[in-house]
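Peer 1: Let's have the full structure, built from the sequences with the hints guiding it.
Those sequence lines, one after another, are chains A and B. Under the numbering used here, the first residue of the first sequence carries the number -2, and numbering increases by one thereafter. Under the numbering used here, the first residue of the second sequence carries the number 28, and numbering increases by one thereafter.
Derived by calculation from the structure, the hints in this document are not laboratory data. Honestly, I wouldn't trust all of these hints.
The calculated lysine-lysine pairs, modelled on BS3-like cross-linking and capped at a C-alpha distance of 27 Å, are [stated by the list, open to error]:
hint, chain 1, residue 1, chain 2, residue 2
1, A, K97, B, K47
2, B, K68, A, K46
3, A, K97, B, K41
What follows is the residue order along each chain.
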Amino acid sequence: AQSVAQPEDQVNVAEGNPLTVKCTYSVSGNPYLFWYVQYPNRGLQFLLKYITGDNLVKGSYGFEAEFNKSQTSFHLKKPSALVSDSALYFCAVRGANDYKLSFGAGTTVTVRA
Amino acid sequence: GAVVSQHPSRVICKSGTSVKIECRSLDFQATTMFWYRQFPKQSLMLMATSNEGSKATYEQGVEKDKFLINHASLTLSTLTVTSAHPEDSSFYICSAYDAGETQYFGPGTRLLVL
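Peer 2: Now the structure itself:
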């Protein structure tokens, strides 16, 4: 079985400060890892993914994530947060041979001006 | 990235009526689409996998006779909530894979059953 843990329900940061949203996963075989962002009353927007290659993945809106196989983690980061980054963030994983995504519970990010 | 649309974005209906939600892949073909349900401030719950030209695969605990799924073409899947009741009120989101490994999501449909 595959699963995702997002240990923080909420992350609060000041604008301009670094932002980190944590994610750990469990899956059989090589993981396919994803980050999505959801604004109120909207669907999920794709931010970035790790399938293979460099452990540091760069995505949309200045976000990046680092795949750490030994720690089974895929933390999302942004060097300088914006107020507009305030949203609900989901980490997701699937196995290479599985088409179903498993989502974390989500982390609400609030960036204060 | 690939674009998935949903219609309607919001619907209010009376208890006992049926509601149809459409999910379209706008710039790619999708043999498989997914339907999720999301409660406020919670994660997504996969309801079913919609397969073009064949029956949908439902997750455990999801009533297939209540949530009818039809995937008649490579760009359209529909979810019909039959005999809707207030407990069916929720945010319904569809998704599909593009040619790569990424699942793209529609904007969601807010259903309110009175």
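Peer 1: Next step is simple, just say for each hint if it's right about the structure.
Peer 2: Against the structure, the hints:
1. A:K97 with B:K47: This hinted pair holds, its Cα atoms lying about 24 Å apart.
2. B:K68 with A:K46: Holds: K68 (chain B) and K46 (chain A) sit about 23 Å apart, inside 27 Å.
3. A:K97 with B:K41: violated, 33 Å
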